[in-house]
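Asker: Read top to bottom, the protein sequences are chains B and D. At position 534 of the first sequence (counting the first as 1) the number is 534 in the working numbering, and the numbers step up by one without a gap. Add 666 to the 1-based position in the second sequence for the working numbering, that's all there is to it.
Take the hints with a grain of salt, since some may be wrong.
With a cut-off of at most 30 Å between alpha-carbon atoms, the simulated DSS-like pairs for lysine-lysine come out as follows [said to hold, decoys possible]:
1. B:K519 <-> D:K716
2. B:K281 <-> B:K347
3. D:K794 <-> B:K516
4. D:K716 <-> B:K509
5. B:K513 <-> B:K536
6. B:K297 <-> D:K716
7. B:K359 <-> B:K278
8. D:K720 <-> B:K519
By construction, these hints were calculated from the structure, which means they are not laboratory data.
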Amino acid sequence: MRNQLSFLIAGICITGLSFQGCKPKNSASAVNSDAASKVYVAPGKYDEFYNFVSGGFSGQMSVYGLPSGRLLRVVPIFSVDPEKGWGYSEETKPMLNTSHGFVPWDDQHHLDLSQTNGEIDGRWIFANANNTPRVARVDLTTFRTSEIIELPNSAGNHSSPFITENTEYVVAGTRFSVPPDDANGDVPINTYRKNFKGYISFISVGKEDGNMEIAFQLKCPGVNFDLSHAGKGKSHGWFFFTCYNSEQANTLLEVNASQRDKDFIMAVNWKKAEEYLKAGKGRKQSVRYAHNKYDEKTHTATSEIRTEVTVLDVAELKDIVYFMPCPKSPHGCDVDPTGEYIVGSGKLAALVPVFSFTKMLKAIEDKSYAGDYEGIPVLKYESVLHGEVKKPGLGPLHTEFDGRGNAYTTFFVSSEVVKWRISDLQILDRVPTYYSVGHLCIPGGDSRKPNGKYLIAYNKITKDRYLPTGPELAQSAQLYDISGDKMQLILDFPTIGEPHYAQAVEASKIRDKSVKFFKIEENMNKYVTKGEAESKVVRTGNRVDVYMTCIRSHFAPDNIEGVFAGDEVYFHVTNLEQDWDVPHGFAIKGADNGELLIMPGETQTLKWIAEKPGMFPFYCTDFCSALHQEMQGYIRISPAGSKVPLLFSTGKNMPAADTSAPVARK
Amino acid sequence: MKKLFIFFLVIGSLFACNAPDSSTTTTTTSTDQSAPAGGQENVQDSLSAKDVVKVAMSSPDHTTLVAAVKQADLVSSLSNAGPFTVFAPTNAAFDKLPAGTVDGLMKADKKEDLQNILQYHVYVGVLKPEYLTDGQTLNMVNGDNVTLNVKDGKITLNGNVNVVTTIPASNGIIYVVDGVLLPPAKK
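Extracted from the complex, chain B is given alone in its bound form:
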């Protein structure tokens, strides 16, 4: 192997030298000397793009600026985040509620920005939870998760959260087929073919408020749904899902799900599904799933358990679903900006097939079927194929588009991005990635209007790219300038968790809508304190509610006495600031949860059990001002049953006149 490699490298050198007398292209010469200046953003200037990157097993989403690659924010979605109090404050805990109870973690794979007429509108970004199936909506005025909806009949919500071109729906296709929620799941695992089904959820999105509801689910054959993208333009009204394990294996999928030459891209006519739904052809199924919403006026989340979904059976109801054969174990499912071409990337395939939407419609009309799969028509491969990209590389995964008629596909095994022309399927350029690239992203690259200036590759393995940090190294994003004929590597930067899919958009579509603070007069939190004069401590049995304010640079009250061991203390902290970028934090010694991070104008609550008698300091954790270190207070805990009166104050609890101060005053 090593000899062969040396031969290969020597060959490249020789051919390179002999043809043009230049140095071979290696990782050093792949980067031009002006790369750094292309990504520098001076103080007072902003990045040109937002880049939203999935956090993989961190469960969160990170936000970067491009071209600088600077991390701007980590937005907590599916995992608790003690840094921001997400899942720790009483107000945010309901966001992580599910039918399984409070779930503190998930695996966040894909993101999709909301669109209007096929263009990114900058209002929301949707995120999927892969493990306990959920879809979240993040509000891009606050960069906070506004809503999370759980998906019944599902397990492993992987082909999600892709949207239709007017954000009519966000979809969620189950990776693991399982027995439906209203069936007995306690069956032998090897009865997969008989008992397991794959469900696809269509979640409607409110035009104005973004409110998500499960409009309907499609009951499909038991396979693994992998990825998806909506039709657009001419193919608007259709949705395309890759599926693997059409072998329906229930064990050792590494071997048993790679038997067939071709699996499928499932084409869904969702307009047809809507007709059936309207005609009452859906079956109401009893289920349990959580629907959680965060209210920006009360600064509080609520969680509701829903008990019903409407299911359409795609084997019974004709013309909703067709299968297009796609080699082998297809992963990425990407639709070009015109909506005509659907690219399926078979992880194990030696070519990349490109399907034609026009041909697909014709094949359906002509009933050009190769057979059926569990009662669903399988279209003939040749009759739906636009063509194949031949010898593209090894391990094709995902494709994005530049809006200039070109596609860019990632290759995991050969660690490269390959640029090819959609019309004639010719390969135009290829660049190495470091290493094992998964997803890629071009701003608007899955919309009707890509901005083909940059391409970002998201890599799984970084061995010699980053200084060693023990057994695991950071994953990386690599930025390429694709404005010219050749792709040029200009930057790489580490990511939070493992990046899967990402989205990027011109900053101007989001930047100016960003909320700077919450208006204190509009704060409807049940425990708000709208001014220092209103701050108070109220005892109700062994529950103590502290109505506290904070503003540069003190808490009110900051001295609290008359609280007893065993009391349940709720610190309801209102940030009175009405100024951008001045959150205050709140932490108290011994708290068995996180801190609070309270945005200007907001109220957040930390529950704290007064465990034992003693003196417990609390302080501001977010460096707010020159006197941040002075921003502190004490709560005195007395033994249960003692007679210490309830006292609370700021700036008044001075030493008694006859108390000699330990240090003489000047």
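With chain B held as given, fit chain D onto it using these hints.
Answerer: Frame of chain B, contents of chain D only:
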């Protein structure tokens, strides 16, 4: 496997030596030029509550003070998170100084003197009126002390400068005063 290597060989020979600059034809800049120039005082924000500088700038009675703050290069510092207590002399207060004093301080070679005087009007921390006590001394930003007198709710500084009113600001509080505080002579 052999085919694979041949494949790489071909690709290698095609792309081993890209023309060096074929990919750098773009001339567009990588940053958004519409963003404001740098500096905390230049942040574009018409929504947040005003800081002490912006409050002073919006007051017709403090044009001399604002000009002096600019001349002393203190706009940026006072636009900081603070928090500050600023004793803000009115235009009339400056007018009470001997003729030519202000003009003299505004000269480039007197910048340090101007900074010393202005910093004698700033305290780091928010001193609300209810926290002030009679006889209290405040150590100001320039390092010198101001002595407070509080009698019947009336606040006097160094025995001769009176507080006219207070104005809250996002990064502190402003006490409008009727005289200019002069730092004690250097020893």
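Asker: Each hint: holds or not?
Answerer: Results for each hint:
1. B:K519 <-> D:K716: holds, 14 Å
2. B:K281 <-> B:K347: Given pair B:K281, B:K347 is violated - Cα atoms ~37 Å apart, limit 30 Å.
3. D:K794 <-> B:K516: holds, 26 Å
4. D:K716 <-> B:K509: It holds: about 27 Å lies between the C-alpha atoms, which stays within 30 Å.
5. B:K513 <-> B:K536: violated, 36 Å
6. B:K297 <-> D:K716: Distance ~23 Å between B:K297 and D:K716 Cα, so the pair holds.
7. B:K359 <-> B:K278: holds, 29 Å
8. D:K720 <-> B:K519: Cα-Cα ~20 Å, so holds.
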